[in-house]
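Novice: Listed below, chain by chain, are the residues.
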Amino acid sequence: MGTTAVKWRIGVRKFGQRQRREALEFYLMIAPWVLGFLVLTLGPMLYSLFLSFHDFDLFHAPRWVALGNFRYLFFEPYPANPFWKSLAVTTYFTFLSVPVGIISSLVIAMLLNARIRGRALYRTLFYLPSLTPSVASALLWIWILNSRWGLANAVLRTVGLPELRWLTDASLVIPSFVLMGLWSAGGNTAVIFLAGLQGVPAHLYEAAEIDGANWWRRIWAVTLPMISPTIFFNLIMGIIGSFQVFNSAYLMTDGGPEYATYFLVLYIYQEAFKKLQFGRGSAIAWILFIILLFFTLVQFRLSGRWVYYEGEAAR
Amino acid sequence: MSGNAYRRYPVLGMTATRLMVNALLYAIITIGAIVAMVPMVWTLSSSLKDTAHVFSVNIEWIPHPAYWSNYQELFVRLPFVRYVANTMIIVASNVVSSVLMASIAAFAFARLRAPAKNLLFFLVISTMLLPSQVTLIPRYLIYSRLGMIDTYWPLVIPGWLGGGAFEIFLFRQFFLGLPLELDDAARIDGCSTWRIYSSIVMPLAKPVIATLAIFNFIWAWSDLFGPLIYLNTMEKFTLPLGLATLRLNAEKSSRWELVMCGAVVSIIPPLVVFFLGQQYFVQGIALSGIKG
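Keeping their order, the protein sequence lines are chains A and B. Residue numbers for the first sequence follow my numbering, so the first one is 27 and each next one is one higher. Residue numbers for the second sequence follow my numbering, so the first one is 20 and each next one is one higher.
Please keep in mind that the hints were generated in silico from the structure rather than gathered at the bench. Each hint should be verified, as a subset may be incorrect.
Straight-line Cα separation of at most 25 Å, PhoX-like style, residue types lysine-lysine; simulated pairs [to be verified]:
#: 1; chain 1: B; residue 1: Lys255; chain 2: A; residue 2: Lys301
#: 2; chain 1: A; residue 1: Lys111; chain 2: A; residue 2: Lys301
#: 3; chain 1: A; residue 1: Lys300; chain 2: B; residue 2: Lys136
#: 4; chain 1: A; residue 1: Lys111; chain 2: A; residue 2: Lys300
Please work from the sequences and hints to get the whole structure.
Specialist: The structure is reproduced here in structure tokens:
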């Protein structure tokens with residue numbers, strides 16, 4: 027009986043009133059997020075844009091320098107101002123580590139998608155390295171890649187190969203970082219690929235096989251087009267992530283040797299929190315933001331050409 | 020990697036080529052798994068050696084004798100118990116806040132109608148593409164103005180203000196999949212919106228809750244950058260920051276076995292959490308990647 031009473035009341039109540047109440051509840055529930063967005067995201071964004079045109083060291087009021095910070099970054103010569111070097115090594119790292127990482131994760135996902143015994147165990151073993159906190163993995167890789175006492179060179183010695191100065195040779199340190207990244211290639215990226223692979227309908231493979239396609243053809247003509255949205259997602263996330271690399275450079279090489287690992291975020295950290303150059307730090311942060319925005323937009327633009335979305339309605 | 024793998028076939032019917040392909044597959048995947056495990060095993064092994072054996076050019080997998088006292092030293096002589104406890108406080112706050120706040124916001128986005136809802140959700144998504152470095156310096160200045168430097172506030176406040184865009188996105192995806200009739204039926208029975216959220220929708224969301232709790236546990240447990248910037252006093256350090264400091268000191272004191280002990284200790288909690296919630300965890304990562 028109570029139910030009928032409520033039903034009746036809802037029926038009589040003005041429609042607009044119910045909507046207004048629902049809207050009110052909506053705004054109440056997202057109020058914390060909106061507050062956070064204004065105070066911790068939008069406000070700081072605008073303030074860092076403001077700071078990038080100022081000189082600010084925490085102790086004096088911000089001083090307007092117009093494009094001074096950007097002029098310094100773009101035109102001051104190299105050893106005093108490592109901006110171009112920093113941008114170059116960050117870009118080099120991204121263009122090396124993202125393709126290598128994506129291909130390895132995809133290969134691992136394909137291996138783990140095969141019908142083999144103990145698949146769950148293999149998946150766990152491949153996943154475990156990515157659970158290692160980045161500080162711990164930086165520490166263990168410093169130790170493994172140590173040119174005198176490290177395991178890597180001990181192995182090279184045993185098989186009679188020349189030893190390498192993994193982290194102290196300026197031309198080798200970025201490839202070493204990429205190699206370290208491969209260690210966790212079986213992590214989240216591979217799991218996302220695995221989900222994508224499992225979503226490819228089996229009948230497509232059967233049809234391809236009937237048409238006489240060998241396994242290589244089946245990968246090129248069926249697997250890759252079908253998982254192209256997943257590749258796209260991992261590509262964007264990979265680029266954004268590798269442009270923000272910090273921990274390994276901070277702990278392992280301190281940006282060296284010869285600025286070879288002086289990534290942009292390390293540069294921001296040094297300028298802002300070591301030299302208290304908050305204006306210049308903000309300017310670098312905005313340049314980083316614009317580069318990432320550019321990459322993301324280009325990716326979205328290009329995605330129309332190679333990303334295949336099966337039936338929009340299905341999503 | 021062969022296409023054979025995609026099809027079901029009886030073992031007895033395997034041809035010689037298929038057997039070879041299968042053997043190759045097992046060989047590759049086993050070597051891969053071993054390579055993935057080697058750095059961890061080496062770390063564990065190094066953590067049990069004494070200084071003389073750590074600095075040795077010979078590969079010694081099983082330390083003899085094993086110095087378990089290294090761990091004792093880490094916890095008794097160095098403030099590592101403190102570091103672990105400090106980290107746990109921050110982790111607990113972040114896990115609770117991100118699950119609670121993000122699910123409330125996501126519930127509103129998925130189940131309620133209001134003007135400007137789509138615009139707001141677009142803003143939530145766009146913050147995922149914003150590199151945190153852009154807001155880093157002003158945030159530091161704000162917390163500094165509020166006298167919160169060298170406290171845990173800067174590390175826990177963001178979680179309570181919204182709970183994170185990724186978390187909101189994942190919860191919303193899940194809530195959208197639940198039939199709206201659930202809400203209607205409950206409303207007719209006189210349930211308030213809050214009751215629908217807390218007694219109907221949330222109990223169904225256990226897989227997402229578990230996934231995000233695990234994710235946030237691991238993220239907060241591993242975070243170095245936040246503590247590095249906001250904490251100054253040794254007694255307040257988190258485990259990653261304590262480890263980073265230990266590494267800088269090891270350069271001088273050459274106690275690498277202790278650094279390796281610290282690394283092992285910091286790996287254990289994520290491993291435990293992972294094994295406890297493994298099945299939810301893998302589901303959750305897959306869920307996050309489905310929509311490209």
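Novice: Are the hints correct? Go through all of them and say.
Specialist: Verification of the hints:
At roughly 24 Å between alpha-carbon atoms, B/Lys255 and A/Lys301 fall within 25 Å of each other, so this suggested pair holds. In summary, the hint linking A/Lys111 to A/Lys301 is supported, as the alpha carbons are separated by about 19 Å, within the 25 Å threshold. Annotation: proposed proximity of A/Lys300 to B/Lys136 is violated, straight-line Cα distance about 42 Å (limit 25 Å). For the hint linking A/Lys111 to A/Lys300, the alpha-carbon distance of about 19 Å falls within 25 Å, and the restraint holds.
Checked against the numbered hints above, the structure breaks only hint 3 and satisfies the rest.
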